[in-house]
Amino acid sequence: MCLITEADDHDGCALVAPQNFSMVEVGIYRSAFPKPEHFDFLTALSLRSIIYLCPEPYPEESLKFYEANNIKLFQFAIESQKDPPNPIPEDTVLAALKVLVDVRNHPILIHCKAGKHRTGCLVGFLRKVQDWCWSSVLEEYQKYAGPKCRQRDLKCIERFDTVRLRQCLLSIMYRYLGYGPNRKRLLYEEENVQAPKLKAKVFENEINQVGPAHT
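First residue of the sequence shown? That's 875 in our numbering, and the numbers climb one at a time after it.
Keep in mind the hints are simulated off the structure, nothing from the lab. Worth double-checking, as some hints may not be accurate.
[As the list claims (entries may be wrong)] Dumping the calculated SDA-like pairs for lysine to any residue here, alpha-carbon to alpha-carbon at most 25 Å: (1) LYS909 to PRO961; (2) LYS1029 to ALA988; (3) LYS1017 to GLU1032; (4) LYS1002 to ARG1026; (5) LYS909 to ASP965; (6) LYS1002 to GLY1020.
[To be verified] Estimated spans, in silico, between C-beta atoms of each pair: (7) PRO933 to THR966: 16 to 24 Å; (8) PRO1021 to ARG978: 36 to 44 Å; (9) ASP914 to GLU1032: 24 to 32 Å; (10) THR1036 to ALA888: 21 to 29 Å; (11) PRO910 to TRP1008: 17 to 25 Å; (12) SER1009 to GLU964: 18 to 26 Å; (13) LYS987 to GLU1013: 31 to 39 Å; (14) GLN1025 to PRO929: 35 to 43 Å; (15) ASP1035 to PRO929: 23 to 31 Å.
Bear in mind the structure is a predicted one, so any value in this text is a computation, not a measurement. For glycine and all other residues, C-beta sits at the position ideal for the given N, C-alpha and C.
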């Protein structure tokens, strides 16, 4: 996971990343809600799609920016609930994951409001599909949730059944490839996805150094 707080474009100008911005996988990013001051940074990512995990309407200014830059917005209305709430509906999880893993939507950004709980859940579900061990899934969720870690979220991620999603993936251009001794990664097949146009200045860890061990 690469945590980026600031980056340069090709002209050497500083670009400001949204709060909690990080790379999840090649072509998949996560963050808090992007604001207009982050538009240049989003442009540098060459995004094709955004997954929005809140029920509230999207700001008109942002919608116009996405339309002008040919960025598709996928909204999945997940209510923000503290313990003990109802679990996230499984059909919503599956629908969001099918958008997320389809490389035709990449590069893609996942966000909610703070980029912590709802975003953390969706990333956690993805890690389950990737066969990450539970301790690594938990560590990644806690890294972004901080002291506001929600037990409901962790139980929901832990109990998520990946069988239905894996069945849906048969029709999607997506597969896994072993990468190093202890992890898996996404592999682009027929899609020629443009690489981001930025140079990250600040990283916490290179993504290849934090791959989880399988159970």
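Going down the list of hints, with the structure as the test:
no. : hint                          : result
1   : LYS909 to PRO961              : violated, 29 Å
2   : LYS1029 to ALA988             : holds, 20 Å
3   : LYS1017 to GLU1032            : holds, 17 Å
4   : LYS1002 to ARG1026            : holds, 16 Å
5   : LYS909 to ASP965              : violated, 29 Å
6   : LYS1002 to GLY1020            : holds, 21 Å
7   : PRO933 to THR966: 16 to 24 Å  : holds, 22 Å
8   : PRO1021 to ARG978: 36 to 44 Å : holds, 38 Å
9   : ASP914 to GLU1032: 24 to 32 Å : violated, 38 Å
10  : THR1036 to ALA888: 21 to 29 Å : violated, 40 Å
11  : PRO910 to TRP1008: 17 to 25 Å : violated, 39 Å
12  : SER1009 to GLU964: 18 to 26 Å : holds, 24 Å
13  : LYS987 to GLU1013: 31 to 39 Å : violated, 22 Å
14  : GLN1025 to PRO929: 35 to 43 Å : violated, 22 Å
15  : ASP1035 to PRO929: 23 to 31 Å : holds, 25 Å
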